[in-house]
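Be aware that the sequence shown starts at 1, since it is given in UniProt numbering, and climbs by one per residue.
These are calculated hints, taken from the structure and not from any lab test. Just so it is clear, CB atoms sit at the ideal spot from N, CA and C, and this is done for glycine as well. Heads up, a few of these hints could be off.
Label-pair distances were calculated between CB atoms; the ranges are [said to hold, decoys possible]: (1) Ser-79 <-> Asp-23: 48 to 56 Å; (2) Pro-104 <-> Asp-23: 39 to 47 Å; (3) Pro-118 <-> Pro-12: 32 to 40 Å; (4) Thr-18 <-> Asp-105: 26 to 34 Å; (5) Glu-59 <-> Phe-81: 49 to 57 Å; (6) Pro-107 <-> Lys-62: 13 to 21 Å; (7) Ser-39 <-> Gly-121: 15 to 23 Å; (8) Ser-39 <-> Ala-6: 31 to 39 Å; (9) Ala-6 <-> Val-27: 14 to 22 Å; (10) Val-33 <-> Gly-7: 33 to 41 Å.
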Amino acid sequence: MSDANAGQPPAPDFDRMTRDIADVPAVEVITTVAVHLMSAAAVNLGLAEEGPEHKDLDEARKLIHALAGLVTASATEISSFHAGPLRDGLKSLQLAFREASVVPDEPGKGPGEKYTGPVFG
1 MSDANAGQPP APDFDRMTRD IADVPAVEVI TTVAVHLMSA AAVNLGLAEE
51 GPEHKDLDEA RKLIHALAGL VTASATEISS FHAGPLRDGL KSLQLAFREA
101 SVVPDEPGKG PGEKYTGPVF G
C-alpha cells in the first residue's frame, strides 16, 4: 500500500500549537516580537557580521518604526523591567540609522520618532 503523504513532512498540529501559544505570557510574546524586530533592523542597518552585504535602510526604517510603535504601545503593559531594555535597544537602532543615513532625517522625523519623539545621542 502506498501512502499519499510519503516523503512529505507531517502536517502541523494546529490544535497543539494553539494550546502552546495560549500558555505563553503576553509579556514574553511582546518581548520576543520586539527582539525579532530589533535583530532584523540591525541586519538591515549593516550591523551584522556580513555588514554592508545586507544593508537596506528602507527596510530598516520600516522595522524600526514598527518596533517603536510596539514598544511605545506596550510599555505600560509589560512593566519598566521589560520596557527599559527595549527602549534602550530602540534608541540605539534609531541612532545607528541616523549615522548610516547619507542625508539624516531632521530631529523628530527619523524612524519611530513619531512615537518616541526626537532621538539624540
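Holds or violated: 26 to 34 Å for the Cβ distance of Thr-18 and Asp-105?
violated (41 Å)
Quick one: are Pro-118 and Pro-12 within 32 to 40 Å, going by C-beta?
Between Pro-118 and Pro-12, where Cβ atoms are some 45 Å apart, the hint is violated.
Quick check: does the Cβ-Cβ distance between Val-33 and Gly-7 fall within 33 to 41 Å?
Distance hint for Val-33, Gly-7 holds at roughly 34 Å.
Between Pro-107 and Lys-62, does the beta-carbon spacing fit 13 to 21 Å?
holds (20 Å)
Within 15 to 23 Å or not, the Cβ separation of Ser-39 and Gly-121?
Between Ser-39 and Gly-121, where Cβ atoms are some 22 Å apart, the hint holds.
CB of Ser-39 to CB of Ala-6, is that within 31 to 39 Å?
holds (37 Å)
Is the hinted range of 48 to 56 Å satisfied by the C-beta distance from Ser-79 to Asp-23?
Once the Cβ atoms are compared, 20 Å apart, the range 48 to 56 Å for Asp-23 and Ser-79 is violated.
Can you let me know if the beta-carbon spacing of Glu-59 and Phe-81 is within 49 to 57 Å?
About 30 Å separates the Cβ atoms of Glu-59 and Phe-81, which means 49 to 57 Å is violated.
Can you tell me whether the CB distance of Ala-6 to Val-27 sits inside 14 to 22 Å?
The hinted range 14 to 22 Å is violated for Ala-6 and Val-27, with Cβ atoms some 43 Å apart.
Does 39 to 47 Å hold as the CB distance between Pro-104 and Asp-23, or does it fail?
Check passed, 44 Å falls within 39 to 47 Å.
Checked against the numbered hints given earlier, this structure breaks hints 1, 3, 4, 5 and 9; the rest are met.
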